[in-house]
Amino acid sequence: MHRASPGGSALTLVLLLGASGVARAATPTDDLPRLDERTALMIGANRLKVGVLSFDYGLVERVSIGTDPPAWAARAFYPVLIPNAHVKVSLFQRGPVAVTGQGAGYYLVLRQNGSATGSLVSVPVSLFASVRFQPRVWLHGEGAYVFVRGFGSGDLNASGINGQVAAQAAQGAAMLEWRVTRIFSLTALGRYQFWTGPLAFEGTGTLDPYTSVNVDGTAKPRVEHPWMAIGGVALLWRHFHLIAGAGYGYYFVPGIDIAYPNKGFVPDLSASFVL
Amino acid sequence: MKPRALIAVSVVVVLASAACTSEVTLPDPPREAEVTAVAAIYDNPTGTIDVAAIESMLDAIQARLDQLHAEWLPALMAEALMRIARRLADANLTTATDDGAETVRHTVIDAVVDLTRVCRGWSDPPGLPDAAANGSMQLTAVVENGTLRLDIWGGATACHSRLDPLDNAIGLSVTPSPSANLSIDGTLDVRLYGPLPRTVGDAKFLLIFNGRLGTDDRIADASFDFRILEGVLAFRYAVSDGDIIVEVGATAISLRGSNGVFTCDLASRSCQ
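Protein chains in written order, with numbering that gives the first Met the number 0: chain A, 0 to 274; chain B, 0 to 271.
Warning: the hint list may mix true and false statements.
[Unchecked claim] Pair ranges (Cβ atoms, derived):
1. A:Ala72 - B:Gly193: 40 to 48 Å
2. A:Leu80 - B:Thr24: 52 to 60 Å
3. B:Thr35 - A:Ala243: 55 to 63 Å
4. B:Ala132 - A:Gly263: 54 to 62 Å
5. B:Asp215 - A:Pro208: 46 to 54 Å
6. B:Ala62 - A:Pro208: 35 to 43 Å
7. B:Arg148 - A:Arg135: 55 to 63 Å
Hints in this document: simulated from the structure, not taken from any laboratory. None of the values given here were measured: they were computed from a predicted structure. By construction, the Cβ of each residue, glycine as well, lies at the ideal position given by its N, Cα and C atoms.
Here chain A stands alone, though its shape is the one from the complex:
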């Protein structure tokens, strides 16, 4: 039932390479700009990134914290408020291999609708591994688990994205990065959700002084195994990063990792100032 995923296989490969030390002597470190989004690479100590998809600050070389502006901005389009924060910690860094853990927390206040009210807590946990197996080529892998807990029984349909509620999920992703010039990279990204779990919820609503109704249930996304494949470019100037791409599949909302349930064109765009 749990099928192996391309992303998961890539992650395994990355970890094996890192553990075996095969790639360790491949390339010494240098001062090439780092692609720190969806990779195990860190923003760096005392650096501030103000981006479309993420605000981040490097507390030290191995730890950064941040928040996702799109989740806050979603309130303008969906009846849900999503305060959120994330922390990224470097777990392993030696030669061409880097392993990083990232944890995030999203609190979704669901739209109150008559007797229904509720909230969700979503905690995506990711393990990134990046291997620079050629001087200008990186392979970045990610294994992600999204833990979700529902409280109450609000309008779960409205809290998702046209039916893709933030249910529990396990995902794998892999990105190949080819640094063509110092600042210009070509990228190929794949992401696959190989396990989707239900979101459990329970809540009691009072309809009138005489009537109360308890709802105990689970919600599942309409698409259980969304995936996407994107080809793109990354332009990593010293103080400005631009990532752009296009692909096909299901669009995964960055950060919270919920997939939009309609398959089709998938855009990829991130711009940020790095100070």
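Position chain B against the provided structure of chain A, taking the given hints into account.
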């Protein structure tokens, strides 16, 4: 790999394993087979109408109709179903849209919906209702894959309610409704014949009741069923070889049996 990385991997695996156990268990209706059998009789009556004795049967049918408490019980059930409908709509639990059509742009939901309704009581004083004194009614509905199952079940526990003449919302004029103190205690099984009602008049359901039922001065064991469909009350009436179905209109009743349909005028006691 360093121990910290291994710990992080282990945490992910443990969280993934724990999440596998959070499916809700959807209960089956406790008397589904009985409800199905009764519903089939309403669709295809098994009894034969004795044409020669049809007019003499009307008095017995009228007495049976009185036992159904048709002046208040259908409305009481319809009101409870309306409240389930409201809760389902508030939480957006089913894939049905307001016009009854299905939508694919919806999270797939499995849910058990338990309604508890405190009865009005015989005096209905101002303030919060007293559940201990008034009794209550419970109904359970199940949503599976975003679709409401047709069977709803539950019971009434020492439910006391007050019937006022204006409460007769389903319009069964063959049984005029005086003011009365009502009591109901027993099991309730409902099969829906359409969406949950938004108004009492929209209700389409079969109800099977087993328990005790009556007014404050006359409570008796009762076991009966009736069906509300397109605003018409129907009930089973036992004959020698099965059941016929009696459909109650404003001034006339229809008798449906395995051998045909007869319409009877209650005032003239004539059938054709």
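_Within 55 to 63 Å: is that where the Cβ-Cβ distance between Arg148 (chain B) and Arg135 (chain A) falls?_
holds, 60 Å
*Between Ala62 (chain B) and Pro208 (chain A), does the C-beta distance stay in 35 to 43 Å?*
holds, 37 Å
*For Asp215 (chain B) and Pro208 (chain A), compare the CB-CB distance with the range 46 to 54 Å and indicate the outcome.*
violated, 23 Å
*Note whether the CB distance of Ala72 (chain A) and Gly193 (chain B) lies within 40 to 48 Å or breaks it.*
holds, 42 Å
*Go ahead and decide if the range 55 to 63 Å is satisfied by the Cβ distance of Thr35 (chain B) to Ala243 (chain A).*
holds, 59 Å
*Is the gap between the beta carbons of Ala132 (chain B) and Gly263 (chain A) within 54 to 62 Å?*
At 60 Å between Cβs, range holds.
*Pairwise beta carbon distance, Leu80 (chain A) to Thr24 (chain B), judged against the given window 52 to 60 Å*: violated, 32 Å
Hints 2, 5 from the earlier list are contradicted by this structure; the remaining hints agree with it.
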